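Using the sequences and the accompanying hints, generate a full structural model.
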Amino acid sequence: MSALEIRDIHKRYGEVETLRGIDIALEGGEFLVLLGSSGCGKSTLLNIIAGLAEPSGGDVLIGERSILGLHPKDRDIAMVFQSYALYPNMSVARNIGFGLEMRKVPAAERERAVRDTARLLQIENLLDRKPSQLSGGQRQRVAIGRALVRDPQVFLFDEPLSNLDAKLRMEMRTELKRLHQMLKTTVVYVTHDQIEAMTLATRIAVMRDGRIEQLGTPEEIYDRPATLYVAGFVGSPPMNILDAEVVGNALRLVGSEETLPLPADFTSTAAAGRRVKVGIRPEALRLANTDTPGASVRAQVEVVELTGPELVTTAKLGEQTITACLPPRTRFGAGSQQLFSFDEAVLHLFDPESGRSLRPV
Amino acid sequence: MNRMNGPDGRKGPHPMPGTWITTRAWLLMLPLLVVMIAVIGWPLVDTVRLSFTDAKLVGTAGGFVALDNYAKLLGGASFQRALITTTWFAVVSVAAEMVLGVLAALLLNQQFRGRTALRALMILPWALPTVVNATLWRLIYNPEYGALNAALTQLGLIDSYRSWLGEPGSALTALIVADCWKNFPLVALIALAALQAVPRDITAAALVDGAGPFNRFRYVIMPYLAGPLLVALVLRTIEAFKVFDIIWVMTRGGPANSTRTLSILVYQEAFSFQRAGSGASLALIVTLLVTLLAVAYAALLRKAAGAS
Ligand SMILES: Nc1ncnc2c1ncn2[C@@H]1O[C@H](COP(=O)(O)OP(=O)(O)OP(=O)(O)O)[C@@H](O)[C@H]1O
Ligand SMILES: [Mg+2]
Chain V
793 MSALEIRDIH KRYGEVETLR GIDIALEGGE FLVLLGSSGC GKSTLLNIIA
843 GLAEPSGGDV LIGERSILGL HPKDRDIAMV FQSYALYPNM SVARNIGFGL
893 EMRKVPAAER ERAVRDTARL LQIENLLDRK PSQLSGGQRQ RVAIGRALVR
943 DPQVFLFDEP LSNLDAKLRM EMRTELKRLH QMLKTTVVYV THDQIEAMTL
993 ATRIAVMRDG RIEQLGTPEE IYDRPATLYV AGFVGSPPMN ILDAEVVGNA
1043 LRLVGSEETL PLPADFTSTA AAGRRVKVGI RPEALRLANT DTPGASVRAQ
1093 VEVVELTGPE LVTTAKLGEQ TITACLPPRT RFGAGSQQLF SFDEAVLHLF
1143 DPESGRSLRP V
Chain Y
67 MNRMNGPDGR KGPHPMPGTW ITTRAWLLML PLLVVMIAVI GWPLVDTVRL
117 SFTDAKLVGT AGGFVALDNY AKLLGGASFQ RALITTTWFA VVSVAAEMVL
167 GVLAALLLNQ QFRGRTALRA LMILPWALPT VVNATLWRLI YNPEYGALNA
217 ALTQLGLIDS YRSWLGEPGS ALTALIVADC WKNFPLVALI ALAALQAVPR
267 DITAAALVDG AGPFNRFRYV IMPYLAGPLL VALVLRTIEA FKVFDIIWVM
317 TRGGPANSTR TLSILVYQEA FSFQRAGSGA SLALIVTLLV TLLAVAYAAL
367 LRKAAGAS
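Residue numbers (my numbering), protein chains in the order written: chain V, 793 to 1153; chain Y, 67 to 374.
If you are wondering where the hints come from, they were derived from the structure by calculation, not from laboratory data. Given the structure is predicted, the values throughout are model-derived calculations rather than measurements. Fair warning: there could be bad hints in the mix.
[As the list claims (entries may be wrong)] Quick list of simulated restraints, FRET-style, between CB atoms:
(1) V/Q945 / Y/T153: 52 to 62 Å
(2) Y/L221 / V/D1001: 34 to 44 Å
(3) Y/V165 / V/L853: 56 to 66 Å
(4) V/Q973 / Y/W192: 56 to 66 Å
(5) V/Q945 / Y/E305: 32 to 42 Å
Even for Gly, the Cβ is constructed at its ideal location relative to N, Cα and C.
What follows is the structure, encoded as structure tokens:
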């Protein structure tokens, strides 16, 4: 039985179709991240689940029961907003307890629930303050507390961490993960931050233009991207995408003398003479010398940037550019020729027209 | 006036730029100050002087009578009755305007077809000159061919035509209705602007939290409305307390002085009865009352600003 099921959801605003057929089924306790760039329809989908927007077609079920047409308050969901959306005139305690207050939960019980939630989020000392007297991170905790206290079937988060600075974002990310591991409630979480998606999700739905580009576990999304879009969206720096042609058992890079091996996985789909896009992640490349076993390419180093944990190297492969993330101790100058090695298993092949992966299913 | 010549500024701890800017500021304001003193300051001083005399509007310049005018007025029935009439008019019409204005704003804040047109239309009564509005309502209330009589008889609510403005029992209420119709759009406009400032996420959060329409209004929307509405309240009460034109056009304070507010009384005293001295003291009393109102409200506003 799925805890949350989204069936062929469509949404149009006038002429524009914002959501074009979304299908997702979640088991209880899953953490689904909707990942996609701005305007792809993530918030719209979340609002449809919450009941803040009506779909033009399709159905949403929680525990096998359609919730379409139900008032948001009757859907057994709780939502955390990007802007926190705390009631400015109420104390933290009342903000957290407001949902219970509106549901006529007796005051004593309410107070206990608020206190328990506050303890869980370590904001007990803030209960008497007004939202304006809190820092961004504290406000976010209150907003999360307001959702937690209700103990709903499904939590909805709309970019909850995007207003926080980098350090706080990491802390809250870990915190959210800890809470989810403890509470095991189903979560739908919207973000355009791929690190958040990778670290938090049990499954990621990469969205693009109102469609789901790929739905899978973080490992699947990272290791076997279904399309060029997914490949480019997840990973930082993004995956190198090179133009190549299948020549016998090899891939000849366009505008270069270099060739890459044709991975065994793709021999059935990549016919000789076919143009393909080859993807290789920067972190899959290593610096090698001539007697290193395995595949390698020679490239001319253009720029070397030390970010701290790694050395981001940009190099020319004929007319094409490739980026490699190398260990920070590696030392060589810009302009030198270097040999980059990799396992042939890390190569991804895509159809250049459709952008779909050529990996046989 | 001393400041304008700038001796104190020049001796200040930071002599150069600040002083020059201050001096220049005063110089720039000088023409306006002169005009203001001429058109406000001098008449005010003269009114104060007049209020201590028994001067007539034409003829005698009058002799000094000390506080006689004030004593007579404050002890007299006309003033007391006018004060009650004015207060009633102000309280009822402002209260009704606030309620109507907020309701209209809530309605116009909903999504529906023709909302923009309706918003524009709503401003119309407020944009009309008071005299036009007053004339309009006189027609509506007309005892022979007025629309109100026609509507009410056709609905069977009254069986014979009435003279709404001609009967002491109904004239003030009729005036209040006319004044509300003109002024609720201002409140609605202010409230609408405030409503649009309520973040959408907050109302969405309240929906998810399960707050019904009434609780949403009371706990979530009202805090955003309170400040702007207080400003509207201040503006409207002070204006309503000074009301003159709409009454003058519709009833001239009648029938049987049932709609005689303080401003009407001032006018009658000074111009109809030609008692300039007594009229001046009455005008000063009204000015004082309005000033007290303004000061009280200013304190209230400051307190509200401090609280939020
Ligand atoms: N109420 C609305 N009326 C018309 N168009 C809308 C409305 N709400 C959203 N849209 C459109 O739908 C599209 C998707 O919006 P949505 O808010 O779901 O994007 P998003 O993926 O959440 O983006 P972001 O990351 O910027 O929050 C956008 O092009 C937006 O203009
Ligand atoms: Mg969004």
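Against the earlier hints, flag every one the structure doesn't satisfy and list their numbers going up.
2, 3, 5
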